[in-house]
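Given chain A, put chain B in place with the hints provided.
Line order of the protein sequences matches chains A and B. Residue numbering for the first sequence follows my numbering, beginning at 1 and increasing consecutively. Residue numbering for the second sequence follows my numbering, beginning at 1001 and increasing consecutively.
Think of the hints as simulated: they come from the structure by calculation, not from any bench. Do not rely on the hints blindly, as some may be mistaken.
So the derived label-pair ranges between C-beta atoms look like this [unchecked claim]:
1. Val1264(B) with Phe28(A): 41 to 49 Å
2. Met52(A) with Gly1080(B): 48 to 56 Å
3. Ala39(A) with Val1264(B): 45 to 53 Å
4. Lys121(A) with Arg1056(B): 35 to 43 Å
5. Thr126(A) with Pro1176(B): 29 to 37 Å
6. Gln151(A) with Gly1138(B): 54 to 62 Å
7. Leu1032(B) with Ser155(A): 23 to 31 Å
Positions of the beta carbon are idealized from the N, C-alpha and C atoms, including for glycine.
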Amino acid sequence: MRGKRGKFIAPVLIFAGVLFLLPLIVTFINSFMTEAEIALNYTSKLNVFDLMDGIAENFMRIRLIPQRVSADQYKEVLVDQPSFLILLMNSLKIALPVTFGSLLVSLSAAYGFTVWNWKHKEAVFTVYVVVMLMPLQAVLVPNYIIADLLQIKDSYLAIILPGIFSPFGVFLLRQSMKALPPAYFEAARMDGASDFAVFRHIVVPQMKSSIAALWMLNFIEYWNLVEQAVIFIDDYAKEPLSVYLSRLAEGRMGLVFAASCVYMFLPLWFLTLGQRDLEKGIELSGVK
Amino acid sequence: MKRTRLPVGILFLLPSLMGFCLFYIWPFCISLGYAFVDKPTGGSFVGLRNFIELFRNQSYLRGLFNTVQFIAISVPLNMGLSLGVAMLIHKMEKHRELYSLVFLVPLVIPSGSMVSFWRSLFAYDGALNGLLHLIGIGKIKWLDSNLALLVMVLIFIWKNLGYNMVLYLAGLSNIPREYYEAAWVDGAKPRQVLAHVTLPNLASTSVLVLIMSIINSFKVFKEIYLITGSYPHESIYTLQHFMNNMFASLNYPKLTTATIILVVIVALFTQVMLRLERKASE
Chain A
1 MRGKRGKFIA
11 PVLIFAGVLF
21 LLPLIVTFIN
31 SFMTEAEIAL
41 NYTSKLNVFD
51 LMDGIAENFM
61 RIRLIPQRVS
71 ADQYKEVLVD
81 QPSFLILLMN
91 SLKIALPVTF
101 GSLLVSLSAA
111 YGFTVWNWKH
121 KEAVFTVYVV
131 VMLMPLQAVL
141 VPNYIIADLL
151 QIKDSYLAII
161 LPGIFSPFGV
171 FLLRQSMKAL
181 PPAYFEAARM
191 DGASDFAVFR
201 HIVVPQMKSS
211 IAALWMLNFI
221 EYWNLVEQAV
231 IFIDDYAKEP
241 LSVYLSRLAE
251 GRMGLVFAAS
261 CVYMFLPLWF
271 LTLGQRDLEK
281 GIELSGVK
Chain B
1001 MKRTRLPVGI
1011 LFLLPSLMGF
1021 CLFYIWPFCI
1031 SLGYAFVDKP
1041 TGGSFVGLRN
1051 FIELFRNQSY
1061 LRGLFNTVQF
1071 IAISVPLNMG
1081 LSLGVAMLIH
1091 KMEKHRELYS
1101 LVFLVPLVIP
1111 SGSMVSFWRS
1121 LFAYDGALNG
1131 LLHLIGIGKI
1141 KWLDSNLALL
1151 VMVLIFIWKN
1161 LGYNMVLYLA
1171 GLSNIPREYY
1181 EAAWVDGAKP
1191 RQVLAHVTLP
1201 NLASTSVLVL
1211 IMSIINSFKV
1221 FKEIYLITGS
1231 YPHESIYTLQ
1241 HFMNNMFASL
1251 NYPKLTTATI
1261 ILVVIVALFT
1271 QVMLRLERKA
1281 SE
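With the rest of the complex left out, here is chain A (with noise of 0.2 Å):
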């Protein structure tokens, strides 16, 4: 019985694999067709020959093949045009001091729920919940408040500081750290180490995965700037890339395909190289 249904399982997952994969699949390849043929791909303008044909209505069509495999996309975009390189730095100079502020505070407060007893800690950290749970517009009008009081208004630390503070490392981190066996902290304890002793060479080095995986969701999240860049910065220099592509798209369609790979190789570089320990990350959050 179950080696007969055994037999399906793979075409099944390969065929909706194949599905998932295809929206990067078309952005890669149609990052390496000209300008031309994009521009002649994606509209639905009828042209001459169209009309010779006697064709009388167009679409937009998503090819798998190009007439003429070039790299002139990637040159416009990487050499010809600095906005795009620049608008890259921004999104690094966002992603990166959140995903290690997020971790050193996160790592710490998390260690912290888990050997301080206090009775209301749990209070405390439903409260971290709560705002873990609201969507981003909802703290909009608190992060902006905080950023006008303190001025930094139009300076992406009113994007950063709210990103390092944010709770989701914080449980993320928390659930992990329950998997670590207490008597872990105990042992070492008895044997006189200080807190910090045991936070710096037993904790951490446990939870390397868990680390692993909160840097990544994270510069995921950051590298993938939306709502706050269109409420905080006005300034188009300024802008991380997500917004950036999809004026590109109305604009010169014929080079999102290469700027989009572009933006996602970081990223997708990163999955390949730390699958495991994400996925062990992710696992570890669900643990009791």
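Quick look at chain B alone, frame taken from chain A:
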């Protein structure tokens, strides 16, 4: 022993607690004031009028309804599908890692990178309608009719199936093999095994999946916003669109009022979830 440990715990928690209060809790408390005045600057106290007006505001009600509707459709659907995929991958003997990589990839792809693809697929003159045209089906307004909700659900599932799948894969591998063997020996049918062995043992995983799905369901706004802008078809005009537009038009009283209602809903929901989790893990 405990007495010496107590302050150290606070020390570790302090940086986070201070930043969390400074950037979230305190400004939120300040913002509460907006909910009870009529104008953001120099407004006068109006009591509960903002709340009453909000519940008469058509676009707010539409956004709230759509958000709830979207969560009610997409979250269970995504949970079911991700469990399905996890069970299939769990049964595979080879290449498990490769399969889970494939389903994780959409999670890391920045929304901006996919905007052009989704647009050219679902546009009125887009590739999908082109395909349908070939088999003689007329143009469908994917993004400009109630079908937009379907597109939104589709994109959500594409992006978030992987995360839940990882959680379910872990949950599945934590179920002892003996449970299954006992069930097979007793002559249980596959459906019975699913209902009496697999699902009950995944209960506490499912609570976490539910929490993460709801967080992620708010994030699909990024894609929708990039694809369709501030005022999409009314079937996908969510609470976030409403709040975003209120912010853009500097209408802080309305935005704050909407936020307070949302906080109350989420706080109640969190209580229910945490209770559920405790129950599920017993």
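Results for each hint:
{"no.": "1", "hint": "Val1264(B) with Phe28(A): 41 to 49 Å", "verdict": "45 Å, holds"}
{"no.": "2", "hint": "Met52(A) with Gly1080(B): 48 to 56 Å", "verdict": "51 Å, holds"}
{"no.": "3", "hint": "Ala39(A) with Val1264(B): 45 to 53 Å", "verdict": "51 Å, holds"}
{"no.": "4", "hint": "Lys121(A) with Arg1056(B): 35 to 43 Å", "verdict": "42 Å, holds"}
{"no.": "5", "hint": "Thr126(A) with Pro1176(B): 29 to 37 Å", "verdict": "32 Å, holds"}
{"no.": "6", "hint": "Gln151(A) with Gly1138(B): 54 to 62 Å", "verdict": "57 Å, holds"}
{"no.": "7", "hint": "Leu1032(B) with Ser155(A): 23 to 31 Å", "verdict": "26 Å, holds"}
Of the hints listed earlier, there is not a single one the structure fails to meet.
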